[in-house]
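Participant: Assemble chain E onto chain Y, guided by the hints.
Top to bottom, those sequences are chains Y and E.
Taken in order, the first sequence gives residues 6 to 190; the numbers are from the working numbering.
Taken in order, the second sequence gives residues 6 to 190; the numbers are from the working numbering.
One or more of the hints may lead you astray.
Copies of one chain are not kept apart here, so a pair can be met inside one copy or by any two copies together.
Claimed, not checked - Restricting the straight-line Cα-Cα distance to at most 20 Å, the calculated cross-link-like pairs of lysine to aspartate or glutamate (EDC-like) are:
1. 159 to 169
2. 92 to 24
3. 106 to 135
4. 106 to 13
5. 108 to 85
If you're looking for bench data, these hints aren't it; they were derived computationally from the structure.
2 protein chains.
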Amino acid sequence: MKRYKKRDFPVSEVRRFLEPGPVVLVSSAWKGGRNIMTLGWHTAMEFTPSLVGCVIASGNHSYDMISRSKECVINVPTVELAPIVAKIGNCSGAAVDKFAKFKLTAVVASAVKAPLIAECFASLECRLVDGRLRDKYNFFIFEVVKAHAPAAPKYPKTIHYRGDGMFMVAGRSLNLRRFFRPGML
Amino acid sequence: MKRYKKRDFPVSEVRRFLEPGPVVLVSSAWKGGRNIMTLGWHTAMEFTPSLVGCVIASGNHSYDMISRSKECVINVPTVELAPIVAKIGNCSGAAVDKFAKFKLTAVVASAVKAPLIAECFASLECRLVDGRLRDKYNFFIFEVVKAHAPAAPKYPKTIHYRGDGMFMVAGRSLNLRRFFRPGML
Chain Y
6 MKRYKKRDFP VSEVRRFLEP GPVVLVSSAW KGGRNIMTLG WHTAMEFTPS
56 LVGCVIASGN HSYDMISRSK ECVINVPTVE LAPIVAKIGN CSGAAVDKFA
106 KFKLTAVVAS AVKAPLIAEC FASLECRLVD GRLRDKYNFF IFEVVKAHAP
156 AAPKYPKTIH YRGDGMFMVA GRSLNLRRFF RPGML
Chain E
6 MKRYKKRDFP VSEVRRFLEP GPVVLVSSAW KGGRNIMTLG WHTAMEFTPS
56 LVGCVIASGN HSYDMISRSK ECVINVPTVE LAPIVAKIGN CSGAAVDKFA
106 KFKLTAVVAS AVKAPLIAEC FASLECRLVD GRLRDKYNFF IFEVVKAHAP
156 AAPKYPKTIH YRGDGMFMVA GRSLNLRRFF RPGML
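Pulled out of the complex, with its shape left as it was, chain Y reads as follows (with noise of 0.2 Å):
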């Protein structure tokens, strides 16, 4: 599988590949262990602090290694992983290391001990900074300390969550520029 060279690009600019919706795989770890979890419930929510909120619902191994390593990895998938990523998120990692079954690349972070996946086009390093929303609606709001993505293609063929086993795979782009004020790009 094809590993994504990516260099640092600003915090700030998350939004570009979180904000179309892409379902993603969330990588974490925890005391010796490390998992990966196939994730469609997420949303920007600032710029600066660069925070992304996420439903992770409890029943989710991953659930438990977030809330105490209080970290993870955004990890932005394209098509070519599609199958891979619907079965991540059809085993768990209680029962199985899915680096190890799926054949993906453990990367080491430099802001966090959750590790980025190489064959992941887009990978966000994140801290938990708030997590009252947790208990009550499995909501955890991130900040993205780093970010790592390649410098081309500008437009990644994500893939996006419909329900009921159909995903979207991202379309052509439209250039409507012209139609905003300078401020509201």
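Facilitator: Leaving out everything else, chain E in the frame of chain Y:
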């Protein structure tokens, strides 16, 4: 402009439209006024009750209307409306009636006072259920109490914001049901 003929569908299924991450038009009403805002920062949060979290920055005219009325309608537009979606996001409801300016049809909702937008594909009537994170993060948690969409097409051509005036148009569908355990669909 085409007005979609909608029928009710179960509120537990709204993720079908929201989870892929489309830009939405949020309509609101308060004391004889009404407004529409363009919004890209939202996430599904729960199936039952059907919860959606949205970031609505306090600078928006809609922020006060939604804070006061504790209601809104989340409308999902398709690519035909893209220029209007961009324009709605680049003017203020404090200065103009956006329904009139953009020739959009306000339809009376059944559970909230905010109007549905007939030209949007899906319309989700929402009540504010948790505003605890509003002051700190501009984050509103809504319950979808009534949902409307046409029976077909099943997968509308939604638009997804990439930042910098660029949108992504929903592309092809990918069926990965074969990788799902029944309970995970």
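Participant: Please name the hints from earlier in the document that this structure breaks, with their numbers sorted from lowest to highest.
Facilitator: 3, 4
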